[in-house]
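Sequence lines, in order, name chains C and G.
As numbered in this note's numbering, the first sequence has no gaps in its residue numbers, which increase by one up to the final residue, 623.
As numbered in this note's numbering, the second sequence has no gaps in its residue numbers, which increase by one up to the final residue, 308.
Derived by calculation from the structure, the hints in this document are not laboratory data.
Among these hints, one or two may not hold up.
[Said to hold, decoys possible] Covered stretches of chain G (in silico footprint by chain C; criterion: 3 or more residues with CB under 8 Å from a CB of chain C, positions within the stretch not fixed):
#1 54 to 67
#2 243 to 250
[What the hints assert, rightly or not] Listed below are the simulated PhoX-like cross-link pairs for lysine-lysine, each with C-alpha atoms no more than 20 Å apart in a straight line:
#3 C/Lys-321 to C/Lys-564
#4 G/Lys-160 to C/Lys-623
#5 C/Lys-534 to C/Lys-564
#6 C/Lys-310 to C/Lys-331
#7 G/Lys-160 to C/Lys-435
#8 C/Lys-534 to C/Lys-253
#9 C/Lys-557 to C/Lys-485
#10 C/Lys-485 to C/Lys-363
#11 C/Lys-534 to G/Lys-20
C-beta: ideal position from N, C-alpha, C; glycine also.
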Amino acid sequence: MFRGARRRTALTVLLSLTASLLAACGSGSDAGGDLTAEPVTLRFTWWGADDRHKRTQQVIEMFQKKHPNITIKGEFKEWNGYWDSLATTMAANDAPDIMQMDELYIASYAERGALLDLNEAKKHLDTTNFDQKALATGAIDGKQYGLPVGLGMYSIMANTDLLAKYNIPLPDDTKWSWDDLEAIGEQVAKAGGGQVFGVQSPGINDTAGLSIRARQQGKALFDKDGKVVLPPEIATQYWTYIADLAKAGIAPPPSVTVEKASAGLNQSATATNTAVFGFWWNTQLTALTVASGAKLKLLRLPGESQGKPGAYYKPSMFWSVSSRSKHPAEAAAFVSFLANDEEAAKILLTERGVPANLKIREAIAGQLKETDKAAKEYLDTVPVSDPPRITPNGASTLDAIQKRHTEDVLFGRATPEAAAASFIKEVQSEVDAAK
Amino acid sequence: MSALDELRQLRRGGVQVRKRDNRAAFWFLAPWFAGLIFITIGPVLASFGLGFTKYNLIQPPKFIGFDNFARILSDERLHNALGVTFTYVLVSVPLQLACALGVALLLDRGLRGLAFYRSAFYLPSLLGSSVAIAVLWTQVFGTDGLVNRVLSFFGVEGKGWISDPDTALSTLIVLNVWTFGSPMIIFLAGLRQIPAMYYEAAAIDGASKWSQFWRITLPLLSPIVFFNLVLQIIHAFQSFTQAFVVSNGTGGPSDSTMFYTLYLYQQGFSRFDMGYASALAWFLLLIIAAFTAINFWAAKYWVFYDD
């Protein structure tokens, strides 16, 4: 009898193995099926800092209470390690079911077939309350590879405490030009006496500054087909400006800039009160205010009133589901919960950006802190134009390429002209190589 | 039964015993064989095949012939990475061996507490390629780091050594030199092998310590020097962790710490070009093989075997 029980167990194991194998084979097709009542474990991965991990973990627990048969295993990392490990787990066919995805990478993953078209799981994923323009930023050729989580805008953060200390009036950001920023930066640098600088060097963390420069002059980094169409003159102008800031002592010395950039947000010039103006995404206001302990004010970028407005809404990140997930329906249900549940939203607030779900944006409005309110107000009031084309497949190293060229310019290893030419050539060859 | 038959029987029995032993040995070795085949040889062969393909980690590989190898010739960033790697190997290995030999000579003179010093000098070797030490290094050589504190004590104004492309590689060379422990232990063992009578005879003939070192110690130690040289060059070519941690995985600033292995890694995991990364891995194998061959060829002229 004992032996019989054992044989039966063996049979059950064999059957369930076969079943799960079969399920794996048909994974794409049951995205629109019913949610299972069987116990299911989903893996969910994101990048971020401590605060995000705590909030996300709380929301996971809320979801598990509503769906006792679904277990969500959270895996979180720093930005750099995140992409390395996502690439390796994808290659090993061991990708997490639900991923936090970035604008730089979404096309690279989607066009290699790694992401599920969320339209297939429409039954479980409610997108009715989303801003249509925002929703479109996660779609490629009509397929919804990512659900935008929040929106952000590139901005300048000004340390008003330091400005008051030096008796320098806050500039009028509805009118100021790039030259105005340089001039007021110089005033600050003089008053700061080598301890406090005018401007935290741009061109290190993000390519948005370059993109906006081009947009202000009616140009762009990429055209619709993903070809690099950035005019070399604009790139030259961009790197000349960066080099001038460093040479004039308006920005910190290059080696300090590089060191602070690799040390993360909390060590940045803005967070350590060593530069008055810094380029950041508006939603980072809360984190930087906490880190610096100073009063920070969001300003529009210079040059917005001289030419066309270059500002745009950038989806801060997306929720994506792996195309190889064995439980796409359940994964979609979890994404839907993250995006639509008001209780969950009250925990997540604007930590991942101002919600792209308009109903949720209003639902949490009353709960926001001063700084979150300021970030939301910036998004609601600053004029924008249509968003740029999504970063094409192959160009996910765009920020890294840009940073290296900025370093070449800062350390005098390349002239702005040479950097501009080499940048355009390299980005184009990356896009071509991925075809 | 004749004696001959008996012998035959015995032998056959012996063979059987040996056979059984062999089988047992095989089973004991099996886990290791499995590891060798599935974790080492399999991937190595696979990477050779992938070197001739375009493979983005998700879609199936596409055969493209020698394109990846042709790209090696025209890839300017790779040529820069080769320059960085050669500088690192050719500067840090001789310095490291010189330090190892110097300290080994000091310790060989029979210090009190030798075991303690030996362990103390060996310790960095155990830690050297670890992530923790690389993180420590960024602190030591940072703008507000230990090095600059000491310099400011002498009135010298420091800078961010790691964040400046002119000095970033030097800090990694210092890190490698600092981990001289394992060649030092091997030198120490080699020094013990040199018979004391040579030195006694030389001393009686009035040879100075200096000429004793050049004429006795170094020639008799040359096989050990050779062994360490070959090993450390191969080791240095494969360095990865230090550059990866110190530069946050970027090889920066301005590609100044872009080791060959780091570039290879970026091609595979940031650019999703595993075909090119595989080709690069095989090219590195060729480079290391060439260096080792040159080493063995040159050894004929300077390595002295005392038997």
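Hints versus structure:
| no. | hint | verdict |
| --- | --- | --- |
| 1 | 54 to 67 | holds (count 4) |
| 2 | 243 to 250 | holds (count 3) |
| 3 | C/Lys-321 to C/Lys-564 | 17 Å, holds |
| 4 | G/Lys-160 to C/Lys-623 | 43 Å, violated |
| 5 | C/Lys-534 to C/Lys-564 | 15 Å, holds |
| 6 | C/Lys-310 to C/Lys-331 | 12 Å, holds |
| 7 | G/Lys-160 to C/Lys-435 | 17 Å, holds |
| 8 | C/Lys-534 to C/Lys-253 | 17 Å, holds |
| 9 | C/Lys-557 to C/Lys-485 | 14 Å, holds |
| 10 | C/Lys-485 to C/Lys-363 | 16 Å, holds |
| 11 | C/Lys-534 to G/Lys-20 | 72 Å, violated |
When each numbered hint is compared with the structure, violations occur for hints 4, 11.
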